[in-house]
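Residues 6 to 182 (the numbering used here) are what the sequence shown spells out, left to right.
In case anyone wonders, no lab produced these hints; they're calculated from the structure. A hint or two may mislead.
Heads up, simulated DSS-like pairs for lysine-lysine below, C-alpha to C-alpha not over 27 Å straight-line [stated by the list, open to error]:
(1) Lys-168 <-> Lys-46
(2) Lys-121 <-> Lys-159
(3) Lys-54 <-> Lys-168
(4) Lys-168 <-> Lys-121
(5) Lys-9 <-> Lys-53
(6) Lys-53 <-> Lys-159
(7) Lys-54 <-> Lys-164
(8) Lys-121 <-> Lys-46
(9) Lys-121 <-> Lys-53
(10) Lys-46 <-> Lys-9
(11) Lys-164 <-> Lys-121
(12) Lys-121 <-> Lys-54
(13) Lys-9 <-> Lys-121
(14) Lys-46 <-> Lys-164
(15) Lys-54 <-> Lys-9
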Amino acid sequence: DMIKVLVRRITTNNRSPQVIVSRAHPDFVRRLFELDVPEVKSGLVTIKKIVREAGFRTKIAVASDDPNIDPVGACIGPRGSRINVIVQELNGERIDVINWCADPLEFIARAISPAKAVQVHVNDEEHSARVIVNDNMLSLAIGREGQNARLAAKLTEWKIDVKPYSSILDTIDNPEE
């Protein structure tokens with residue numbers, strides 16, 4: 006069986022060269038997308054950032070300058086054909102492909118996917134955001150052991166605090182708290 010790896014560097018010691026390879030580095034995922042998504046290879050779709058917890062989940066932000074190209078759709082492919090090839094290569098690792106956005110509010114809301122944000126409040130001074138989600142989306146937004154929220158924070162480079170919608174209602178009902 007052949008496996009794909011990313012060559013990180015080649016070092017030469019006294020006797021022979023040493024090749025350092027990785028399947029966990031985010032650039033490995035970047036190369037897989039370049040191999041399997043023609044729009045990424047040609048530059049029509051740009052990978053803005055990749056964050057991952059190898060073996061579990063990857064979040065990838067993509068964009069295109071061409072308004073006729075859907076960057077997320079291009080990466081996923083017809084009926085998931087392109088993304089499925091990459092997921093297989095990564096042994097079932099979940100991949101969230103997110104449309105990159107320069108607006109922090111919108112980008113943070115997208116990054117918390119697969120959950121849907123109801124509201125996003127940002128504090129520019131602290132570079133933090135409070136993301137409000139419906140109560141039934143809370144566990145999805147946070148993810149297993151906080152993984153989804155943690156990766157969303159790394160992707161956006163903002164501190165993210167996920168709160169259920171009911172906590173906002175509680176604050177309105179009980180303002181003294």
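Status of each hint after checking the structure:
no.	hint	result
1	Lys-168 <-> Lys-46	violated, 38 Å
2	Lys-121 <-> Lys-159	holds, 18 Å
3	Lys-54 <-> Lys-168	holds, 25 Å
4	Lys-168 <-> Lys-121	holds, 12 Å
5	Lys-9 <-> Lys-53	holds, 23 Å
6	Lys-53 <-> Lys-159	holds, 13 Å
7	Lys-54 <-> Lys-164	holds, 17 Å
8	Lys-121 <-> Lys-46	violated, 30 Å
9	Lys-121 <-> Lys-53	holds, 21 Å
10	Lys-46 <-> Lys-9	holds, 17 Å
11	Lys-164 <-> Lys-121	holds, 18 Å
12	Lys-121 <-> Lys-54	holds, 21 Å
13	Lys-9 <-> Lys-121	violated, 34 Å
14	Lys-46 <-> Lys-164	violated, 32 Å
15	Lys-54 <-> Lys-9	holds, 21 Å
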